[in-house]
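Novice: Modelling step: build the complete structure from the supplied sequences, incorporating the hints.
Going down the list, the sequences are from chains Y and U.
If you read the first sequence in this note's numbering, its first letter stands for residue 1, the second for the next number, and so on.
If you read the second sequence in this note's numbering, its first letter stands for residue 1, the second for the next number, and so on.
For the record, the hints were derived by calculation from the structure and aren't laboratory data.
One should not assume that every hint holds.
Result set (DSS-like, lysine-lysine): computed pairs, CA atoms no more than 25 angstroms apart in a straight line [claimed, not checked]:
hint, chain 1, residue 1, chain 2, residue 2
1, U, 141, Y, 82
2, U, 163, U, 239
3, Y, 82, U, 64
4, U, 163, Y, 82
A few chain Y residues facing chain U, derived, Cβ under 7 angstroms [what the hints assert, rightly or not]:
hint, residue
5, 8
6, 179
7, 184
8, 185
Quick partial rundown of chain U residues pointing at chain Y, CB under 7 angstroms, derived from the structure [as the list claims (entries may be wrong)]:
hint, residue
9, 75
10, 82
11, 112
12, 115
13, 124
14, 211
15, 242
Glycine included, every Cβ here is placed at the ideal spot set by N, Cα and C.
Okay, here's what each chain looks like letter by letter:
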Amino acid sequence: MDLFIHYLTQPYLVTGIIYTVLITFFGLIGGGVLGIALAAMQLSRFRALSVFARVYAVIFRGTPLILQMIFCYNALPMIGIKLTALEAASLALALNEAPFIAEIIRANIIAVDRGQVSAGQALGMTPFVTMIRIVVPQAFRTMVPALGNEAVSALKNSSLASVVSVQELTLRSTQLASATFDFFSIFFASGLMYLVLAGSIAVVQIVVEIMLDLDHPDPKARFARLLPWYRAPLPVEADTDEETDETATPLPPASRKAIAPLDRQKRAEAIATSRPAVEIENLTKSYDGRKVLDGLDLTVRLGEVVALLGPSGSGKSTLLRCINRLESWDSGTIRVLGRQLGVDENGLKLSPASIANARAAVGVGMVFQNFNLFGHLSARENIAGPLRWVQKLSPREADRQADELLERVGLTHRADALPRHMSGGQQQRVAIARALAPNPAVLLLDEPTSALDPELVNEVLEVIRRLAVEDGLTMLISTHQISFAKDVADRAIFLADGAVVEQGPAERMLSEPSNPRTRQFLQIMNEDPEHTV
Amino acid sequence: MKTTGTTRTYSLARSTAGAFFAVTMVATTIGGSVLSATTSAQAETEIPAACADLQAKYPDLKGKTLVNAVNPHTPGYEAIDPNDPTKYIGFDIDLGEAIGDCLGFDLTYKAVTFAALLTTLQAGQADIVISDIYATVDRAKAADFITYLKVFDGVLVAKGNPKGIDGINTSMCGAIAAENTGYVEVPLIEALAAECEKLGKPAPEIQLYENNANCIQAILSGRADTYVNDVNTVDGAVKAYPDKLEKATAVTLPYSVGIAVPRDNVEFRDAIMAALTEIQKSGLQVEMMKKWNLPEDQLETPKLVLAE
Chain Y
1 MDLFIHYLTQ PYLVTGIIYT VLITFFGLIG GGVLGIALAA MQLSRFRALS VFARVYAVIF
61 RGTPLILQMI FCYNALPMIG IKLTALEAAS LALALNEAPF IAEIIRANII AVDRGQVSAG
121 QALGMTPFVT MIRIVVPQAF RTMVPALGNE AVSALKNSSL ASVVSVQELT LRSTQLASAT
181 FDFFSIFFAS GLMYLVLAGS IAVVQIVVEI MLDLDHPDPK ARFARLLPWY RAPLPVEADT
241 DEETDETATP LPPASRKAIA PLDRQKRAEA IATSRPAVEI ENLTKSYDGR KVLDGLDLTV
301 RLGEVVALLG PSGSGKSTLL RCINRLESWD SGTIRVLGRQ LGVDENGLKL SPASIANARA
361 AVGVGMVFQN FNLFGHLSAR ENIAGPLRWV QKLSPREADR QADELLERVG LTHRADALPR
421 HMSGGQQQRV AIARALAPNP AVLLLDEPTS ALDPELVNEV LEVIRRLAVE DGLTMLISTH
481 QISFAKDVAD RAIFLADGAV VEQGPAERML SEPSNPRTRQ FLQIMNEDPE HTV
Chain U
1 MKTTGTTRTY SLARSTAGAF FAVTMVATTI GGSVLSATTS AQAETEIPAA CADLQAKYPD
61 LKGKTLVNAV NPHTPGYEAI DPNDPTKYIG FDIDLGEAIG DCLGFDLTYK AVTFAALLTT
121 LQAGQADIVI SDIYATVDRA KAADFITYLK VFDGVLVAKG NPKGIDGINT SMCGAIAAEN
181 TGYVEVPLIE ALAAECEKLG KPAPEIQLYE NNANCIQAIL SGRADTYVND VNTVDGAVKA
241 YPDKLEKATA VTLPYSVGIA VPRDNVEFRD AIMAALTEIQ KSGLQVEMMK KWNLPEDQLE
301 TPKLVLAE
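Specialist: This is the structure:
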């Protein structure tokens, strides 16, 4: 025991820790930088890069670290790169850690909801901005535990640096054991030192996890929570707040315009003379040889509200996603306000970043069936964030607009709530506000109420109705809500097998369809209570 | 005259990144001089007079700092000083310092596994290897050797020699021998397999370890029956564990201990050999051998062992 204490406090061993920590530190930093590069390469749309990254991973994950250390130390000098032992060991550890860290990064990036990426794209965010603002913050939160693991494993792996003569803890322990024959006291002492180091990593990990915990937004409480005597305050909100409340929240009182009955005649006249907002010609698209869009033609005029109806698989969603270039198509053209998205004046294909800029410039907003709010951002940030990143508004102006929009959709009191603490209806209202924020020329709504509980459908439909009436916004809505379509849409379009089967003024077509397929579809819709709220 | 004995710092500072430097500064502050990992020679000895002539003949070496790769797990030859672990001590260390003093260069030390001694030299990560390594023709493919000691091996066994082992012979049939990776004893013991088979006995089994301490532990923990190595090392182990270990016998091996130098530098080899010759002539080597309890008849006149 005396010997154990002696070696535990011996400066020779204790300073060996410095080398151990240095190698671990440089190994992790280098591995992190390389890992980010490798993950980016693997996720890249350029095949050569991803192949290179995979080959790298096979080599450096597939050979023992001890060989890589010896290689960096003894083989590199043959090509004129002579590193010190510490540098060689750090380099080898970094090279070895990189593919492991890359896979952690890649796995967590892939795990971020694809819908949020689509939402970012639809808002005109470039792939880079989407990655930095949306994907990485959420991926990082989930990768912390795995990175903690990796740090501990790197710490232990640093002991292999003893083979290339780095004076780290393990080498010093074995040398001391050889000279003194006090085998066990020495190794118990160095074992304890490793435990303390690994323990420190665990503490860092816990602190980081707590700091990143979105459910504890109060910065003081983040650290206070670490203290054993800390008791979480009683959840005051739980009783009064809507966190668990799934019933509808009221909208602000409707304007006079919204209450007044629609003058359909007047609207139709106005629309007939306005210029086209969306022009689609002969649009064709196939998935795995199955035609989803089959020579579709459609023109939507400014101020017009068009309801897209049709059985699932009829191509409604695909059509909407094509309009703002979230998907590509095989042939045909789509013009939004006279401009083609995705190609330049000469018809050449644009890069994803240029398409994003074009999307933002033309102004096509999109509302998704599953809301696709950014999970790590509050309601206000979901709206204000893209305004800052895409439209380059000042933070203050972005917040002001966000608050204004939240007021319009009746959610001022939920401005600081995270999406997962809101009801589906509230989330969809925030999503609509977000899509409206950049003042789009056209708003595409992809089955906006299909994922909602029946009692929440009406609050969302009312928001959409007011947009049509109060703002005169051009909208394409794919929906199963027949009565809503009849009430709000100027024109109804029935799609089947990727083509327009029937179209006409909504009220007339939905009451007296002329095509037998439309008739059959409407009949089924009317019989199914799920779709007749 | 007292030879130079200043502590030389194993400097972290020779590195590229600024971050390295910053952290090093912190490390140095914390560790202080303790961080410096190498040694000073404790040889308080006279430099032979002829050394002045050698320094004149080989002026390139003067004032240089060379790297000596050692496997510091052999107390008596090279190990860290238990009283001051920042230093290496032992006969080989003293001999290296004496050669350095004679030719006017300083030495720093690089601790590696036994098997890595010559690869470290080949990679240019070290300039010289003085680490109780036997000069064999096989090893001469990796480095040139200048011999300085004869090889006397001891056979280390558990107290009472339960397996009755009495040398590298058929008494080892069926026994388990602990050896270091790369040691010359390994092929000698392996070669017993045929003889054992003739006698209808099982061949000896060899367990390979990284250093002396692990081999000795293998006998202490009952995993191995014997460990054949330099007699002074074996004596040291018996001294450390008199109740558990004993030396069964001593054997002579047809080898010499040698200093390994790079194969492509004849001038350096000549200089080392000349200095070693002077150190032996002046009686300095015998003096150092006495200090480390090596029998005087182990001394060998320098000769070259080169690849065939």
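Novice: It remains to establish, for every hint, whether it holds in the given structure.
Specialist: Okay, the hints, checked on the actual structure:
no.: 1; hint: U:141 x Y:82; result: holds (23 angstroms)
no.: 2; hint: U:163 x U:239; result: holds (21 angstroms)
no.: 3; hint: Y:82 x U:64; result: holds (18 angstroms)
no.: 4; hint: U:163 x Y:82; result: violated (49 angstroms)
no.: 5; hint: 8; result: violated (14 angstroms)
no.: 6; hint: 179; result: holds (4 angstroms)
no.: 7; hint: 184; result: violated (9 angstroms)
no.: 8; hint: 185; result: violated (12 angstroms)
no.: 9; hint: 75; result: holds (6 angstroms)
no.: 10; hint: 82; result: holds (5 angstroms)
no.: 11; hint: 112; result: holds (5 angstroms)
no.: 12; hint: 115; result: violated (9 angstroms)
no.: 13; hint: 124; result: holds (5 angstroms)
no.: 14; hint: 211; result: holds (6 angstroms)
no.: 15; hint: 242; result: violated (12 angstroms)
Hint compliance for this structure: hints 4, 5, 7, 8, 12, 15 are broken, all remaining hints hold.
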